[in-house]
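If you want the building blocks of each chain, they are given just below.
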Amino acid sequence: MIPAAFDYVRADSADAALAALQEHGDDAKLLAGGMSLIPLMKLRLATPGVLVDVGRLDDLSYIREDGDQIAIGALTRHRDLETSDLLAKQCGVLRSVAAQVGDNQVRHRGTLGGSVAHGDPASDLPAALLALDATFAVRGASGERTIAASDFFRGFLETALGPDELLTEIRVPKAGTNGFNYQKFNRRAQDWAIVGAVAATVGGQKRVALVNMGATPIRAHAVEQALQSGASVADAAQHAAEGTEPPTDLNASVDYREHLARVLVRRALEQAG
Amino acid sequence: MKVTTTVNGTRQEHDVEPRTLLVHYLREACGLTGTKIGCDTSSCGACTILYEGESVKSCTMFAAQADGGTITTIEGLAATDGTLHPVQQAFHENHGLQCGYCTAGMVMATVGFLQENPAPSERDVREGLEGNLCRCTGYHNIVKAVLAASEAMQ
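The listed protein sequences correspond, in order, to chains A and B.
For what it's worth, the numbering used here labels the leading residue of the first sequence as 1, then goes sequentially.
For what it's worth, the numbering used here labels the leading residue of the second sequence as 1, then goes sequentially.
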């Protein structure tokens with residue numbers, strides 16, 4: 001499969017990438033690792049006229065402590081997340097979820113920022129970031145702004161990012177070494193999750209987020225509230241499908257996805273302890 | 001656009017369209033047809049090569065992204081005198097193939113995997129090669145070959 005023709009621009013700095021976005025407008029698309037965009041282009045579901053390659057902006061590839069948070073450059077690859085000693089000590093859940101994305105080859109190329117900006121509800125990492133109440137630093141022509149994860153995912157493959165903006169950094173709280181689990185349910189090892197459930201503990205409170213249970217990654221607020229009111233894990237997990245609008249596809253019906261959400265949330269919370 | 005790479009130690013310079021996928025660059029511009037196109041959807045891993053030493057699927061990367069980079073394909077593994085790479089030798093000795101179509105990708109994914117995990121368990125191997133499919137379902141001997149290669153390389 002051959003993508004439609006496009007012009008290729010390699011950005012050697014964030015400023016150059018922003019300038020290219022300004023110049024080409026809606027016709028331009030940023031290329032990071034390409035693990036989501038290139039398959040869409042091969043299917044011609046995406047046909048950008050100009051690809052602005054930010055894959056070599058190494059100054060946006062880092063994982064470091066920043067006060068009570070961990071700051072991660074948008075171009076940090078999944079492989080770097082899953083092997084990070086800092087994340088092992090300070091945010092084990094993100095490291096663990098990163099290790100379950102795609103396969104080795106995909107994790108060598110795919111980036112955290114690319115996964116966030118793509119905004120696929122079936123992706124693993126956006127749900128983990130939602131559970132962590134991550135914040136996203138974004139640069140555009142008019143300056144920098146910060147967007148909360150809860151405001152970022154707007155619809156199917158739709159985010160709060162403007163067409164002339166570049167996601168530069170992802171910030172997560174120090175969520176520690178335990179109290180988390182990711183249940184990813186699929187039929188073949190490397191597939192997207194049919195449904196996924198992330199459980200994390202932040203500041204002593206349990207957080208739960210769902211993969212592929214709607215047009216965006218979703219926080220399971222009803223489960224969290226039940227836990228806070230003293231419900232058992234088994235009882236709280238019964239609320240997992242509340243407020244969700246899961247898709248029907250050849251893998252699963254709405255009913256089956258709702259069932260999976262309840263089961264996977266219970267397992268994730270039991271494993272998280 | 002001009003895309004210059006070093007493939008198996010040899011400098012390659014070719015004029016290609018920006019939309020040229022790396023696997024087409026390798027097979028058609030460089031003439032290195034050992035790398036196979038299987039599913040062409042980033043699932044099967046038949047097109048796996050090493051880019052900057054790491055396994056990647058060359059059907060899901062543009063040649064333009066590899067400009068200036070270093071690539072190893074299946075043709076670059078054996079020594080110039082024909083001595084097989086330990087991973088190739090292990091696949092040969094353990095009959096780690098049936099029809100052979102997935103083999104180049106399996107071998108390249110294994111070379112990359114063993115660099116990152118030199119002493120894997122059987123489970124590690126099965127998870128480490130999850131990005132490579134064998135439609136003959138010949139996984140048993142492939143896993144055996146990878147474990148044999150890891151021992152041979154220690």
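Note that these hints are calculated values from the structure, not bench results.
Check each hint, because a few of them may be wrong.
To be verified - Straight-line distance between alpha carbons at most 25 Å, and here's what the computed SDA-like set of lysine to any residue pairs gives:
#	chain 1	residue 1	chain 2	residue 2
1	A	Lys42	B	Thr33
2	A	Lys89	A	Asn178
3	B	Lys2	A	Lys89
4	A	Lys42	B	Thr10
5	B	Lys2	A	Asp12
6	B	Lys2	A	Asn178
Stated by the list, open to error - Which bits of chain A does chain B cover? Going by a derived footprint, with three or more residues having C-beta under 8 Å, they are:
#	region
7	3 to 16
8	100 to 109
As the structure is a prediction and not an experimental result, all values here were calculated from the model.
Ideal Cβ placement from N, Cα and C applies to all residues, glycine included.
Each hint, compared with the structure:
With a C-alpha separation of about 21 Å, the suggested pair A/Lys42 and B/Thr33 falls inside the 25 Å cut-off, and the hint holds. Distance check on the hinted pair: A/Lys89 and A/Asn178 sit about 9 Å apart at the alpha-carbon level, within 25 Å; holds. Distance check on the hinted pair: B/Lys2 and A/Lys89 sit about 44 Å apart at the alpha-carbon level, beyond 25 Å; violated. For the proposed pair A/Lys42 and B/Thr10, the alpha carbon gap of about 29 Å is over 25 Å, so the pair is violated.
Our distance criterion of 25 Å between C-alpha atoms is met by B/Lys2 and A/Asp12, whose separation comes to about 18 Å. For the proposed pair B/Lys2 and A/Asn178, the alpha carbon gap of about 49 Å is over 25 Å, so the pair is violated. Counting residues of the region 3 to 16 of chain A whose CB lies closer than 8 Å to any CB of chain B gives 7, so the stated coverage by that chain holds, three being the minimum. Using a Cβ-Cβ cut-off of 8 Å, 7 residues of the region 100 to 109 of chain A lie near chain B, which meets the minimum of three, so the contact claim holds.
When each numbered hint is compared with the structure, violations occur for hints 3, 4 and 6.
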